[in-house]
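Participant: Sequence:
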Amino acid sequence: MEISDHGKTLQDKLHILADAAKYDVSCTSSGSDRRGKKGFLGNTSAAGICHSFAADGHCISLLKILLSNECIYNCRYCVNRADNDRPRATFTPEEVCTLVVEFYRRNYIEGLFLSSGVVKSPAHTMELLYRTLLLLRTKYRFNGYIHVKAIPGAPEELVFQTGCLADRMSVNIELPTQEGLRLLAPNKNPGSLVRPMQLIREGIVSHRLSIGKDANMERAAGNRYLRHSIFQENPYLTASAPASLPLTGGSAFSAPASSRIQVPSFVEGGDASFVPAGQSTQMIVGATGETDLELLTVTQRLYQQYDLKRVFFSAYVPLNEDAALPDPGTAPPLLREHRLYQADWLLRYYGFHAGELLSQDRPNFNVLIDPKCDWALRHLERFPVEIRTASYEDLLRVPGIGVKSARRIVKARRHGSLTFEHLKKMRVVLKRAQYFITCGGKMLHRIPIEEDYITRRLTCGSQAENWEISHPQTYRQLSLFDDFHLDGEVSVEDAAKSLSGQL
1 MEISDHGKTL QDKLHILADA AKYDVSCTSS GSDRRGKKGF LGNTSAAGIC HSFAADGHCI
61 SLLKILLSNE CIYNCRYCVN RADNDRPRAT FTPEEVCTLV VEFYRRNYIE GLFLSSGVVK
121 SPAHTMELLY RTLLLLRTKY RFNGYIHVKA IPGAPEELVF QTGCLADRMS VNIELPTQEG
181 LRLLAPNKNP GSLVRPMQLI REGIVSHRLS IGKDANMERA AGNRYLRHSI FQENPYLTAS
241 APASLPLTGG SAFSAPASSR IQVPSFVEGG DASFVPAGQS TQMIVGATGE TDLELLTVTQ
301 RLYQQYDLKR VFFSAYVPLN EDAALPDPGT APPLLREHRL YQADWLLRYY GFHAGELLSQ
361 DRPNFNVLID PKCDWALRHL ERFPVEIRTA SYEDLLRVPG IGVKSARRIV KARRHGSLTF
421 EHLKKMRVVL KRAQYFITCG GKMLHRIPIE EDYITRRLTC GSQAENWEIS HPQTYRQLSL
481 FDDFHLDGEV SVEDAAKSLS GQL
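At position 40 of the sequence shown (counting the first as 1) the number is 40 in UniProt numbering, and the numbers step up by one without a gap.
It is worth saying that the hints were derived from the structure and are not from the lab.
Every residue, glycine too, gets a C-beta built ideally from N, C-alpha and C.
Check each hint, because a few of them may be wrong.
As the list claims (entries may be wrong) - Beta-carbon label-pair distances, calculated as ranges:
hint, residue 1, residue 2, range
1, Val-429, Arg-141, 43 to 49 Å
2, Asn-74, His-228, 40 to 46 Å
3, Ile-72, Arg-227, 44 to 50 Å
4, Ile-449, Arg-182, 23 to 29 Å
5, Asp-361, Asn-189, 32 to 38 Å
Stated by the list, open to error - Using 16 Å as the maximum straight-line C-alpha spacing, the simulated EDC-like pairs for lysine to aspartate or glutamate come out as follows:
hint, residue 1, residue 2
6, Lys-442, Glu-386
7, Lys-120, Glu-70
8, Lys-404, Asp-394
9, Lys-8, Asp-83
10, Lys-309, Asp-344
11, Lys-8, Glu-102
12, Lys-139, Glu-102
13, Lys-411, Glu-393
14, Lys-404, Glu-393
15, Lys-411, Asp-394
16, Lys-139, Glu-95
17, Lys-309, Glu-202
18, Lys-442, Glu-421
19, Lys-120, Glu-94
20, Lys-139, Glu-70
21, Lys-431, Glu-421
22, Lys-213, Glu-202
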């Protein structure tokens, strides 16, 4: 077995760097559709990228590793920060390629998620990531899905060249306010965080135009039924956000029109693509004192200005002893993370804006109920909604009615009067919707439209679910080295040992 990196074997490195990657949640495999090619390994079609998730929601279909857990920065929240006494390791580009190809051939993975600490310098780290992807795509002819991190502060040419090889790229801003960055990550410049996001955005737009598509086609397609979604109007371009938020004036998290980046032109009709699955980012929840309103306002601005596919939220797991952080042993705010993901869905698909869901007077969600119910209870003057006449946009704002149910209602009521029995067949969740709708002017039951009463009824039925989310004693992200056996099958650990013996 090959020995390298201060006596560490490749299996030793895999143990260290697979474990070190588990705190990065900005990892999904959707959005890219590249079919298999003769002479190439892998593909990104539905059969090639399986949407497999562990019980805690983390994707396990990708080989999820760090190129290195060495880092020149000393971010106080990060387990891999420079002054932490931890085992360190760094893969070579060839080692990553060998792992990806061999694990793929054994059907353990469908693609690669590759991040890294900052080794020596951002430029050096980005060059290593680029060389890894270049080897995978050319020498090893790997055609599968690759998600790679762009390193803030790296040369823009390297970021762009890497984007031509990857399916998805992400730049984690981690902390949504400049105050939080100054407190916990003083080595990081907010401007350097958004610069690669701007470059990726411009590259995606350039490629869309080169193949004859509209620059904002994906936004328009995803919200074609909504007139006032965050993707079709940007109130922050004409009105200032609240003064306490980090996105006012010339904030580094904003992208002034004058700061457009010139990217190389794509050859019209060529095969080259640029980050076809889009870009994403991650924000840590609970390490600093930001409110839900601040988190969602930053999320909305990121979608509007950087054309992001996803913003991921990561409940902070206290691992470092630091006076500025929650004490080790403090439970991660998993239920709050869950509510923020639900609110993110409302921003992207239900036509809500951050300033509607929350306000300066009530800047945080009631974690005991979902964000749409929380919003509805704050705006009872808009309810009940008459199912037979309400617009599609108003139906989407009713708790218990989703996108598919709203479309079914609009279509079905053209052919007759709807009843509550019809709504059940359309899979409307009447357990929530019954408090906010009428059919033919009548409610399902005689229910007072009163906030405290409805809140008690809604929270009563969701206590067990909330407990499971907040107390996942038996849930954790799966490891490549978990020792479990199924009906006599070989364990993943044994398979990894077998694999490493051949490397």
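Participant: Tell me, which hint numbers fail for this structure?
Facilitator: 4, 9, 11, 19, 20
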